[in-house]
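Got chain R sorted already, so can you dock chains V and H onto it with the hints?
What follows is each chain in one-letter form.
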Amino acid sequence: MFEKALIGNRGYWGWIALLLSIALLLSVMTIGFITYLRQLNYGLGITGMSRDVSWGLYIAQFTFLVGVAASAVMLIIPYYLHDYKKFGKIIILGEFLAISAVVMCMLFVFADLGQPFRVLNIILHPTPSSIMFWDMIVLNGYLLLNIIIGWAVLSAERNDVSPPGWVKPLIYLSIPWAISIHTVTAFLYAGLPGRHLWLTAIMAPRFLASAFASGPALLIILCLIVRRITKFDPGNEAIQTLGKIVTYAMIINIFFFALELFTVFYSKIPGHTHPFKYLFFGIEGQGKLIPWMWTAALLAIAAIILLINPGTRKNENILMAAAVGVFISTWIDKGMGLVVGGFIPNPFEEITEYLPTAPEVLITLGVWAAGLLIITMFYKITV
Amino acid sequence: MYDGNKIITGLIIFACLVTFPFLYNFGKANAKPDPKLDTPVIQQMKEKRCIETKEFMRANHMQLLDEWREAVRDGKRVYVNSSGESYKISLQNTCLKCHSNTKEFCDECHDYMSVKIYCWDCHIRVKS
Amino acid sequence: MSYELKANRRQFFKILGISALSGAGSISSLFALTQHSSLSTHHLGKRWAMVVDMGKFKTEEDYKRCIDACHHIHNVPDFGNPKDEIKWIWTAPYKNAFPEQEHEYIRDDIKNKPFMVLCNHCDNPSCVRVCPTKATFKRQDGIVAMDYHRCIGCRFCMAACPYGSRSFNWRDPQPFIKEKNIEYPMRTKGVVEKCNFCEERLAEGLPPACVEACKDNKALVFGDLNNPDSEVRKILSSRYAIRRKPELGTQPGVYYIV
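Residue numbers (this note's numbering), protein chains in the order written: chain R, 132 to 514; chain V, 2 to 129; chain H, 3 to 260.
Treat the hints with care, since some could be wrong.
Which residues of chain H face chain V? A partial, calculated answer using Cβ under 7 Å [said to hold, decoys possible]:
{"#": "1", "residue": "Ile184"}
{"#": "2", "residue": "Glu185"}
{"#": "3", "residue": "Pro187"}
{"#": "4", "residue": "Arg203"}
{"#": "5", "residue": "Ala205"}
Derived by calculation from the structure, the hints in this document are not laboratory data.
All C-beta atoms in this analysis are idealised placements derived from N, C-alpha and C, irrespective of residue type, glycine included.
Bound conformation, chain R alone:
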């Protein structure tokens, strides 16, 4: 099936564009990999992380991408449980997006380890009390499920037969499994005493809501790009339905965030208010994330206004802009905002700030390039 990744039926320039983008992605990956070797040699001190902010850009990307991976259920549920045939063409795109997102998650966790060669210790010394142990299990399981399902469905499609019977139970299993990967990822944070920003029972629902907004938003972006540069048409109605899903999910996401704000600022418990104050207004003149957080907030509001109004949502260009807005907004909020915000102030109520360093950004870009390359390959196979 891979040969289809290398032969095309489009015009000459489409080919060139594809090859150029693959070359670009490969070079970004190479730079990232070389930088990773530097990190391996020097240690994680090459990043901006410190004793006080001990997780940063890598874990932020990991957290965000688990959501993108989980959001494939937003296609699976309508298509398989409600027989919504309009998703027929894009369901496989969602599946492959999930696979590449999980691969990126794993690469980011690996990049974040201080002793990456000892990673098998998680399996050699299994520790069920650790949420990270469960996260490893659910993520690997989800990857396997999606590879099997994606492959079986795609093979059947190419042979013009319906998928084999044994795939159905796996597809049904993948629905709660998708919910589980993001719930367990939320539990990484939501059960830690003394980290006030994270210690909230609605962390998992918030994660799911923002995932179901960001994942389909990314899918809209990808669908519109694919439609523009290839003959493949995911279908107008399918894209519009995705738009509605993003609208609902984003509104719920913002609603959950508002719930947090109420509890925190009505109760006025100092420890709980500090991270929010730091993120949006800064504390003691320190607030490197302020512009990012307000960008996220404004983009979220603007996107919701554009999405909620059918007139604007139905315009493809505006839909694209709104999807980009949702994607960036959730990427900031659930990435750097959530992870870094959780560490500030530190347990001594002191502010230590964090900004990623250049090598850290290069490694991060390298992983994203790897993910995009996987998507490109998969989509080339599909389209």
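Okay, now just chains V and H, sitting in the frame of chain R:
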């Protein structure tokens, strides 16, 4: 045979590459490792012997040290050897007290065998 | 004993019930239960603890002596910058060590007085709970210890510790250790480290290095909480002592007399 010349040339290049390490070292007598035991502490010992027999240590020191790594976990810090003598489980405070010449003792064989150990990342050896 | 049995049984059924509800959790809950019982120290031999008598820390030298003793003996590096910093025992002003106890009108000399802080060796250590490899674990005598051979450097324990007691080796510490103590190992880059209550000295029957360093004024007292005649128990029953962030239920093993 089609392209016979090319195939034969290819085979010759392949054979050269594969045998290069052997040819390169051919005739060079590679000195056998000779771990030294002439540290002051060992010199002063009446009966020069390790915690187990020389043969046992030579064959099993890596497994023994690996087991010793568990001392910090189970709190058992005493090793009882095959003749019933007790030793404190500690690389730095037991092994290296006698084998202070790690360069001439440990590295001698490890280098010869191309074994890369990371003990010294943490365990301090006195410069010898 | 009987109460504890009952409590355990009640807890067992509670966990079992929750597992039944959640369906797949029965295996995990069994693990949780066994781990809980092995972690509970109340019925076992020793439970090491420390009392910090802050009134006895008067000069800067009083603090420095303890810190230097610890950091020298354990080969703790000094990077000279806060980003790479590694520390086992150090000082933090009262208002930072006890942020929820602070108020506007607190005596100035207390408010900014440096307090000795170190790993609390909790009864319910959240760092142990989250470690995916059991590289950090709780010993039966209450010491929260680390196995540096096993740590993968994920730093989940640093996120979980509510006391900021853990440090990470962001780079090779070796060049930054001024005087190496050849009786104790160093750490390698990429692992987490922290105070170990001098378990290597306790094994030899010696008190922790910091405690020994200030034995003249007895500013730090170390002993067994399970022994009613121990010095720590005597102090705790005669003087009012507080612990850091008691509301989190971690049950720290380090007590402060203000």
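Going down the list of hints, with the structure as the test:
With a cut of 7 Å, the hint placing isoleucine 184 of chain H at the interface with chain V holds, because the nearest CB-to-CB distance is about 5 Å. Taking 7 Å as the C-beta contact cut-off toward chain V, the hint placing glutamate 185 of chain H at the interface holds, the least distance being around 6 Å. For proline 187 of chain H, the suggested interface contact is upheld, since its CB lies about 4 Å from the closest CB of chain V, less than 7 Å. At a threshold of 7 Å, the smallest CB-CB gap from arginine 203 of chain H to chain V is about 12 Å, leaving the interface hint violated.
The interface hint given for alanine 205 of chain H holds, since its Cβ lies 5 Å from the closest Cβ of chain V, which is under the 7 Å cut-off.
Hint check: a violation occurs at hint 4 only; the rest are consistent with the structure.
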